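Chains as they are written, first to last, in our numbering: chain A, 1 to 194; chain B, 195 to 491.
Everything labelled a hint here was simulated from the structure, so no lab data went into it. Predicted model, so just to flag it, every value in this text is computed and none were measured. Misleading hints may appear alongside valid ones.
For the chain B half of the interface with chain A, some residues (derived, Cβ under 8 angstroms), not all of them [said to hold, decoys possible]:
hint: 1; residue: Q205
hint: 2; residue: L206
hint: 3; residue: G217
hint: 4; residue: P261
hint: 5; residue: K319
We treat Cβ as the ideally placed atom computed from N, Cα and C, and that holds for glycine.
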Amino acid sequence: MTKQITIGVLALQGAFIEHIGILQNLGAATREIRLPEDLEGIDGLIIPGGESTTISKLMQDYSLITPIKKMAKSGLPVWGTCAGLILLAKKIDNQIVTSLDLMDIEVTRNAFGRQKESFSTGLSSHAIGDKQYEAVFIRAPLISDTGKKVEVLAKLEDGTIVAARENNLLVTSFHPELTLDHRWHQYFLSMINK
Amino acid sequence: MAEHKNTGTMQLKSGLAQMLKGGVIMDVVNEDQAKIAEEAGACSIMALERVPADIRAAGGVARMADPEKVTEIMQAVSIPVMAKCRIGHFVEAQILESLGVDYIDESEVLTLADEDFHINKHNFKVPFVCGAKNLGEALRRIGEGAAMIRTKGEPGTGDVVEAVRHMRRINQEINWIKNLNEDEFMAAAKELAAPYSLLLEVRKLGRLPVVNFAAGGIATPADAALMMQLGADGVFVGSGIFKSGNPLERAKAIVKAVTHYKEPDILAEISKNLGEPMSGLDVKKLADTDLMSERSS
């Protein structure tokens, strides 16, 4: 019998319940992460959409930055969606957010404008198969630059990078936790099973 | 070929509210307060001319804030900015949408502009949050296009009793709906004066179909955690922060309380030494005509 995998979902602020619901549907066990001791024994970590400044401050106040960095550097699969993408980046355009400084990408916050410019659109990505995926972008960030080891997984038609992977780190600037199409979650789980 | 982008959909409107969950939305009246709120970890701020406690004190007609002030506050921070318009005042809403605010609160804190009709919020690309005292009121607002609900509470008092009453009432009515036989549904819709289709959705989901925050009278970290334990998705704090003795520390503590709402040890720690809370008003001592929560239904 194979051991059921447990995915930690950072539950400081934002849309963590949505991720948890999808993961449970896909057969994974889940754990809400609010304190360093919650991290013990998880097989993967999701940093959800939310407000990146808020999540960043709470990560610092409750000493989560160091242990998460350590686990990610030793290979723990980590996926950041929207705010989570910002928090994984090595470079952010806006100084107010302290990130985990893990992934070799440069990020622009609120890159598409304010809420009235939020949008959804069809995307293609080899990571999740041929069928188009309807991606939801809410006050979304974009990836303005990527390091050599970063694989681009999805772009908008104008070339804007909106999903990428660097080894055990996955980022999407859109919100797979808000859609019924769960292929990005399946993709993340496949990063753990390997 | 240009890419097809959908904008202003219900998914995008309610999606932003989902991103605000587990967070604190703070009332601010100027750039300095906006920066303090952001520094404290607010997930969003509400740009106002006056906080509700001062609106009470000032009397007269309370209207949308000066667009110049709203714009200044928007430029001061990188987090989402909300602003209030009067109930039924769709032109104030059009102006706020044109300024680019991220959410509009069609709010009973301001003077009513229309005694019969709320704004048709489907006509806007910007999302709306509205207050509710019970399930019927929440579903009427959602029917009109609101993408987020908050309890009304009793704003500007620092007395949490009305927010508690409204949250408990909504929860009780949801539990009632969940246990109804399908034959009883239309009568329930009639009794609550709620759209039938939305009642079906409530039964299916076991909760409101949009995010539900607590608001109105929250003044301490314990108040915020109380509302979270009662099932709120997050909290609005109006006068409670900038009418207190130490706004930055209190704001930080309330942010932490909303994250760690189930942990009394952490709540005890963060509740220490916050200085004077806002002085507050006992809701039971207010005249009926002073109750903001009764201004619409």
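Interface restraint verdict for B/P261 against chain A (beta-carbon cut-off 8 angstroms): violated, 15 angstroms
Interface hint compliance - B/L206 to chain A, C-beta minimum distance less than 8 angstroms: holds, 5 angstroms
B/Q205 was flagged as interface toward chain A. Is the shortest Cβ-Cβ separation under 8 angstroms? Because about 6 angstroms separates B/Q205 from the closest Cβ in chain A, which is inside the 8 angstroms limit, the hint holds.
Interface hint check: B/G217, Cβ to nearest Cβ on chain A, cutoff 8 angstroms. Holds or violated? holds, 5 angstroms
Interface hint check: B/K319, Cβ to nearest Cβ on chain A, cutoff 8 angstroms. Holds or violated? Where the cut-off is 8 angstroms and the nearest Cβ of chain A is about 5 angstroms from B/K319, the hint holds.
Taken one by one, the earlier hints fail for this structure only at number 4.
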